[in-house]
Amino acid sequence: MSLLAEMNQKALTLGLPISVHFDITYRCNERCVHCYLDHDDHGEMTTAEIADVLTQLADVGVFFLSLSGGEVLMRRDFFEIVERARQLLFNVKVKTNGVMIHEKEAARLRQLGVEQVQISVYSHRPQVHDAITKLPGSLKRTIRAIRFLKSQGLKVSIANVLMARNFSDQAGVITLARELGVAYTLDPTITPRMDGDTSILALRIPGSDVKHVFHSQELVGNMEEFCAPPPVPGEDIMEGFPCSAGHTACYISPYGDVFPCVQFPLPSGNVRRQKFLEIWRHSPQLQEVRSIRARDLPTCSTCAHVGTCTRCPGLAYVEGNMRGPSTADCEKSFQRTGIPSANMLAGAHGSTMGQLIQIQAAG
Amino acid sequence: MAEKYIARSSAIAARLLGGEMMVMSTADSTFFTLDEVASAIWQAADGRTPLSEIVAGKICQEFDVDREQAQRDAARFVDELSQHGILLVSDQPLMESSP
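If you read the protein sequences in the order shown, they are chains E and H.
Using the working numbering, you'd call the opening residue of the first sequence number 5 and step up by one each time.
Using the working numbering, you'd call the opening residue of the second sequence number 238 and step up by one each time.
The shape of chain E in the complex, shown without the other chains (with noise of 0.2 Å):
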């Protein structure tokens, strides 16, 4: 077990987050297709409600912090805000559509210490990229930005979401990354929008080029073991959770909301009405998410995937039931392996989504 494993395992252990995802703000200066927030400022916490919130975070133990939004630099007090981070010694990590990042901005995330940059790109090409942002020449600020970053010595990581319409693109982009420089990640995740608008889900990339992805030796790595059939669960399997929402990590939004997860859009509280702390450890909602194990899901217990399956408990939830299967997942299982899951052997698959659940302020 790594170090950073064994941490984690602590932390569980401890009952305590390590990792928090923080949403400074939902404006943004790019209208990207595929995004499900609303960039309207419905009242984003304060500079000082921030500092107070990240020094409740410092003092629970919470290490990974990663700033992200909206477009972070669209706060005019985004520096401001990283340098308090910086100063209560959390590990930052800021994600961005890089278009406001020159080369101060460049040299100042250098100076305060963050850690890894993470960048939106779509596409090598100006005319696919600045589609789907729908912000003419973003890509040539987007490079440019990234192009500064590294020269200041900053990790930076190119963060790829596929879809249909940028699918043929990935290549280019893996290319463009190497040519930078820079890390590669993918995402095929396409998330209902926060009003419950599932429309943006036609979006997503069909089944077959799913398989496609996942039979890529250069993404993939070991093709063989990543595709291999799951082996039989183990009551260790049955007794795990699904993944550290609510675990160890949680999201915060620009309005104080918390929620287990930035993808699991159950209200567990707000910390302009109480202590950090009190929610993470009182919240009936937190504490529900951490009571759920495997051989609790009535659908996925009985699924040859169980074990090896990806399922976002946040997806299954917006799919109406938090201990549902998570239909997006259930297609990743079924394309990487060959094997249908129980879900979509029970004719679930491919069945419309029931009545979403949309992300409002805890009560």
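Derived from the structure by calculation, the hints contain no laboratory data.
Among the clues, some could well be false.
[Stated by the list, open to error] Here are the simulated DMTMM-like pairs of lysine to aspartate or glutamate, each with C-alpha atoms no more than 25 Å apart in a straight line:
#1 E:Lys144 - E:Asp134
#2 E:Lys14 - H:Asp272
#3 E:Lys99 - H:Asp265
#4 E:Lys108 - H:Asp265
[Said to hold, decoys possible] From the derived model, a few chain E residues whose C-beta atoms are all more than 12 Å from chain H:
#5 Glu119
#6 Phe245
#7 Thr314
[Claimed, not checked] Simulated coverage check for chain E against chain H, where a stretch passes if three residues somewhere in it have a Cβ under 8 Å from a Cβ of chain H:
#8 59-66
#9 88-101
For each residue, glycine too, the CB sits at the ideal point set by N, CA and C.
We have chain E already, so just place chain H on it with the hints.
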């Protein structure tokens, strides 16, 4: 032997978790965990107190360790962390820097 003064670098992330200090270099992402004794040295690294005084006045007082052995262990620990830029070492007092 010349005195050593140690200070925590500003290019690190750190957090105490269940008695162990997690430290990561933001420059090269090297990740360390420090046990209780190492954590105590780390927390006392104010740039002004000589290492020998930290060991004699804090480590030997708080932990049941032999002073000579503790000095040797502390020197090795400081060397290792300084190689990763996590601790700054000087034969003169240092000012702690913040981001």
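Minimum Cβ separation between phenylalanine 245 of chain E and chain H greater than 12 Å? Fine: 20 Å to the nearest Cβ keeps phenylalanine 245 of chain E off the interface.
Taken at face value, is the distance from the CA of aspartate 265 of chain H to the CA of lysine 99 of chain E at most 25 Å? 19 Å, holds
Check of the region 88-101 of chain E against chain H for coverage (Cβ-Cβ below 8 Å, three residues minimum): Answer holds; 6 residues pass the 8 Å Cβ test.
Chain H over the region 59-66 of chain E, status - at least 3 residues with CB closer than 8 Å: Three-residue rule met by the region 59-66 of chain E, so holds; n is 3.
Restraint check for lysine 14 of chain E with aspartate 272 of chain H, where alpha carbons must lie at most 25 Å apart: 14 Å, holds
Straight-line Cα separation of lysine 144 of chain E and aspartate 134 of chain E no greater than 25 Å? Cα-Cα ~9 Å, so holds.
Would you say glutamate 119 of chain E is clear of chain H, with no C-beta pair closer than or equal to 12 Å? Glutamate 119 of chain E is in fact no farther than 12 Å from some Cβ atom of chain H, at 5 Å.
Do the alpha carbons of lysine 108 of chain E and aspartate 265 of chain H lie within 25 Å of each other, as the hint requires? 22 Å, holds
Would the non-interface assignment of threonine 314 of chain E survive a Cβ cutoff of 12 Å against chain H? 24 Å, holds
The structure fails to meet hint 5 from the earlier list, while all remaining hints are met.
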